[in-house]
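One line per chain: the protein sequences are A and B, in this order. Residue numbers for the first sequence follow the numbering used here, beginning at 1 and rising by one. Residue numbers for the second sequence follow the numbering used here, beginning at 251 and rising by one.
For the record, the hints were derived by calculation from the structure and aren't laboratory data. Treat the numbers as computed from the prediction; the structure is a model and nothing was measured. Quick reminder that beta carbons are idealized off the backbone N, C-alpha and C, glycines included. Treat the hints with care, since some could be wrong.
[What the hints assert, rightly or not] Quick partial rundown of chain A residues pointing at chain B, CB under 10 Å, derived from the structure: (1) Gly50; (2) Lys58; (3) Gly89; (4) His95; (5) His97; (6) Phe101; (7) Gly150.
[Said to hold, decoys possible] Chain B stretches covered by chain A per the calculated footprint, using a threshold of three residues with CB under 8 Å from any CB of chain A: (8) 377-385; (9) 397-406.
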Amino acid sequence: MIQSTSLPPQIKAAVEATDLLMQFDARRLFSAHKLRFVEGDVIYLQGDNGSGKSTLMKILAGLLKPSQGYVFSQGFSRPAWWQSDSLLGKAVYLHQHPYLFDGTVKYNLTYGLPVRKIRTKALQQRLEQAINMAQLSDLLQHSASDLSGGERQRLAIARAWICQPKLLMLDEPISNMDKHSQRLVLAMINQLKIEGTGLLISSHQTCGLTALCQQHWHIKDQVIHTSQHVPNLDTQQDNSVMGSHYVIAK
Amino acid sequence: MSEGWLALLQQAFRLLLSFDPDVWSIINVSFSVSFAALFITLIPSIMLGFFLAFTHFPGRWIVTNLIQTLQSIPTVVIGLLVYLLLTRNGAMGDLKWLFSQNGMIFGQMLICAPVLVALSQAAFASVDRRAWETSRTLGANWLMAIWTVCRELRVALLLAIVAAFSRILTEVGCSMMVGGNIMNVTRNIPTAIALETSKGDFAQAIALGLVLLILALVLNFALGSLRGKALPRSH
Numbered sequence: 001m002i003q004s005t006s007l008p009p010q011i012k013a014a015v016e017a018t019d020l021l022m023q024f025d026a027r028r029l030f031s032a033h034k035l036r037f038v039e040g041d042v043i044y045l046q047g048d049n050g051s052g053k054s055t056l057m058k059i060l061a062g063l064l065k066p067s068q069g070y071v072f073s074q075g076f077s078r079p080a081w082w083q084s085d086s087l088l089g090k091a092v093y094l095h096q097h098p099y100l101f102d103g104t105v106k107y108n109l110t111y112g113l114p115v116r117k118i119r120t121k122a123l124q125q126r127l128e129q130a131i132n133m134a135q136l137s138d139l140l141q142h143s144a145s146d147l148s149g150g151e152r153q154r155l156a157i158a159r160a161w162i163c164q165p166k167l168l169m170l171d172e173p174i175s176n177m178d179k180h181s182q183r184l185v186l187a188m189i190n191q192l193k194i195e196g197t198g199l200l201i202s203s204h205q206t207c208g209l210t211a212l213c214q215q216h217w218h219i220k221d222q223v224i225h226t227s228q229h230v231p232n233l234d235t236q237q238d239n240s241v242m243g244s245h246y247v248i249a250k
Numbered sequence: 251m252s253e254g255w256l257a258l259l260q261q262a263f264r265l266l267l268s269f270d271p272d273v274w275s276i277i278n279v280s281f282s283v284s285f286a287a288l289f290i291t292l293i294p295s296i297m298l299g300f301f302l303a304f305t306h307f308p309g310r311w312i313v314t315n316l317i318q319t320l321q322s323i324p325t326v327v328i329g330l331l332v333y334l335l336l337t338r339n340g341a342m343g344d345l346k347w348l349f350s351q352n353g354m355i356f357g358q359m360l361i362c363a364p365v366l367v368a369l370s371q372a373a374f375a376s377v378d379r380r381a382w383e384t385s386r387t388l389g390a391n392w393l394m395a396i397w398t399v400c401r402e403l404r405v406a407l408l409l410a411i412v413a414a415f416s417r418i419l420t421e422v423g424c425s426m427m428v429g430g431n432i433m434n435v436t437r438n439i440p441t442a443i444a445l446e447t448s449k450g451d452f453a454q455a456i457a458l459g460l461v462l463l464i465l466a467l468v469l470n471f472a473l474g475s476l477r478g479k480a481l482p483r484s485h
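Put together the whole structure using the sequences plus the hints.
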């Protein structure tokens, strides 16, 4: 069951799942007693291929219903009376292979803006900042379908970044990406972290990105384990990805 | 023989280009009735196609198969059904729609809707699910997300619309039975062609046939250019 409760604005935005069980037909994928994804948290979601990382993210994003359990949100602004108060659009989910709409890069970048209540001036500034960070200024009028893999990922993250989500879930965001694109994506994610966005980052192995994380969710033996300890990383690899000028926000 | 054909063609063009009131009245009835039927059924049918493609409920396959079967029912059978409904003693007899344009529109709606639902369902079933998920997770409400998916599928949906429109514009069975082929009221292109041919007045029949041919050419070229622009893309 998926529910949503609107609480006073001083309460941090969060998505919480309790007594969660997900199974496809008879195949049990994972279960969890309690998961809490709060604004400001940076969580590393680990699990083998096929363990259900993407499924968990989709459940928290409201895109999938769990087989059992409750998922609810807190601390988000109340929608208009004519809109349903669902989880969708609260914790933004970014696919491993992001989908870009048929149209220009600019169309894709600004897709989520009409539904976000952001002032026009601030919006323009944020749009320019996103374009610069993702290094897409020369590609704005190009068709999104012409972009390379790294550019597509950068565009997808920039598109989510502009929307200023309180919670963002990134599904293997730097897999199969060259070093340059990885650096740009890491800078954008780091910026989101500085702004206090809650981040849930999945990866089947530790990478430079996991250095940003403060919490660890691990899907192992069909159970989601949570801890405050993030596995150690190969620092050599991280530095090469992040570059000498890159500072991790802690 | 060939001279006779040439003379008929010349006569047919003359009827069209001189804006012969009888010919253009028939064209007007044909297009106004078919556009009205298409206009009324378009959005509900596409929404139903979307619903059938994106949701799972018990008996969905029965509904899908029924709609696909309805596509292939001869228009004259639909005409018979509508006739029985609209006749004075029929369930909808009080509407007094028999032998009127409203009756023709109603009949054409029944012919048009299954084509639109089935083809749009097939289009929606083929769309990348991530388009819907991305739209929703970025905050779009369901209506905006449906619009986005329709935009992604615009060529396939236009094809569905053209197929449905072609079917109702050219059907003769239902229009003949429900409309009654009354000049300036319910006589449309297919019923007029059938009538003029039976009378041996081939010039008007050819003129009206030319209108359908030109329309088919324009629609196909327009769609062809759209299809050419919509190249397959990797996601």
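For each hint, the structure was consulted:
With a least beta-carbon distance of about 18 Å to chain B, the hint placing glycine 50 of chain A at the interface is violated under the 10 Å criterion. The beta carbon of lysine 58 of chain A is positioned within 10 Å of a beta carbon in chain B (closest approach about 7 Å), and the interface hint is therefore held. With 10 Å as the threshold, the beta carbon of glycine 89 of chain A comes within range of chain B, its nearest partner Cβ sitting at about 4 Å, so the hint holds. Given the 10 Å rule on beta carbons, the hint for histidine 95 of chain A holds: about 5 Å separates it from the nearest Cβ of chain B.
Against a cut-off of 10 Å between C-beta atoms, the interface hint on histidine 97 of chain A holds, since the closest Cβ of chain B lies about 7 Å away. Against a cut-off of 10 Å between C-beta atoms, the interface hint on phenylalanine 101 of chain A holds, since the closest Cβ of chain B lies about 7 Å away. Residue-level restraint check for glycine 150 of chain A is violated (minimum Cβ-Cβ distance to chain B is 14 Å; threshold 10 Å). Judged by the Cβ-Cβ criterion of 8 Å, the region 377-385 of chain B is covered by chain A as claimed, because 6 of its residues qualify and three suffice.
Here the region 397-406 of chain B counts 3 residues with a CB under 8 Å from a CB of chain A, which clears the bar of 3, and the coverage holds.
Comparing the model with each numbered hint stated earlier shows that hints 1 and 7 do not hold.
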